[in-house]
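Based on the provided sequences and hints, a complete structural model is requested.
The sequence shown begins at 1 in the working numbering and counts up by one.
Don't read these hints as lab results, they were simulated from the structure.
Worth double-checking, as some hints may not be accurate.
Said to hold, decoys possible - Computed beta-carbon distance windows for the label pairs: (1) G60 with V89: 32 to 40 Å; (2) D86 with P13: 18 to 26 Å; (3) N72 with G98: 35 to 43 Å; (4) G98 with A17: 26 to 34 Å; (5) G124 with G103: 18 to 26 Å; (6) P37 with M77: 18 to 26 Å; (7) G67 with D121: 35 to 43 Å; (8) G111 with G49: 15 to 23 Å; (9) V35 with L102: 21 to 29 Å; (10) A96 with N70: 31 to 39 Å; (11) A96 with G60: 35 to 43 Å; (12) T48 with T125: 17 to 25 Å; (13) P37 with G98: 31 to 39 Å.
None of the values given here were measured: they were computed from a predicted structure.
Idealized CB from N, CA, C, for every residue including glycine.
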Amino acid sequence: MIGRLNHIAIAVPDLAAAAAKYRDMLGAQVGAVQVLPEHGVNVVFIDTGNTKVELLEPLGEGSPIAGFLNRNPGGGMHHMCFEVPDLTVAVARLTAGGARVLGEPRIGAHGRPVVFLHPKDFDGTLIELEEV
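Quick look at the structure:
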């Protein structure tokens, strides 16, 4: 059902500083900052050739990333995103199998429908599915 790994998301307390480390220390191609108020985050994507790294910074105190950073002040891995060909089919299959979908599908940073799966159902890892 899942396709390729689209990205690994890392929550960071300072987006500009984190992006600079990837650019200056690792020589990575760092994209422009995207402000996503509907998700409560500012993001930057780093192209690694075979996938991406998404750096997430909270946009306000109500952001889910703010809560994550309260528990992990230095930042850390937040989620993994896998591509699926049909999000509706994937959600139906997952829920039939007992997985918990967090909320309704919505448009993600790449302009495509996404949904998140409860980390307790996937060995402590928050999973994002993105329709491609």
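Note whether the CB distance of P37 and G98 lies within 31 to 39 Å or breaks it. Between P37 and G98, where Cβ atoms are some 33 Å apart, the hint holds.
Range hint compliance [Cβ, P37 to M77, 18 to 26 Å]: Holds - the Cβ-Cβ distance for P37 and M77, about 23 Å, lies within 18 to 26 Å.
Could one say that the CB atoms of G60 and V89 fall in the range 32 to 40 Å? Holds: the Cβ-Cβ distance is about 34 Å, inside 32 to 40 Å.
Taking the beta carbons of G67 and D121, is their distance inside 35 to 43 Å? The hint (35 to 43 Å, Cβ to Cβ) is violated, given that G67 and D121 are roughly 20 Å apart.
Range hint 26 to 34 Å (beta carbons of G98 and A17) holds or violated: Between G98 and A17, where Cβ atoms are some 40 Å apart, the hint is violated.
C-beta pair T48, T125: status relative to the range 17 to 25 Å that was hinted: Given about 19 Å between the Cβ atoms, the range holds.
Range first: 21 to 29 Å. Now tell me if the beta carbons of V35 and L102 are that far apart. Given about 22 Å between the Cβ atoms, the range holds.
Quick check on a hinted range of 35 to 43 Å for A96 and G60, using CB atoms only. holds, 36 Å
Take a look at whether the Cβ-Cβ distance between N72 and G98 falls inside 35 to 43 Å. Taking Cβ atoms as reference, N72 and G98 lie about 28 Å apart, which means the hint is violated.
Could you check the hint for me, namely that G124 and G103 are 18 to 26 Å apart, CB to CB? Once the Cβ atoms are compared, 19 Å apart, the range 18 to 26 Å for G103 and G124 holds.
Distance restraint hint 31 to 39 Å, applied to the beta-carbon atoms of A96 and N70: Given about 35 Å between the Cβ atoms, the range holds.
Determine whether the Cβ-Cβ distance between G111 and G49 falls within the hinted range of 15 to 23 Å. holds, 22 Å
The earlier numbered hints that this structure contradicts are 2, 3, 4, 7.
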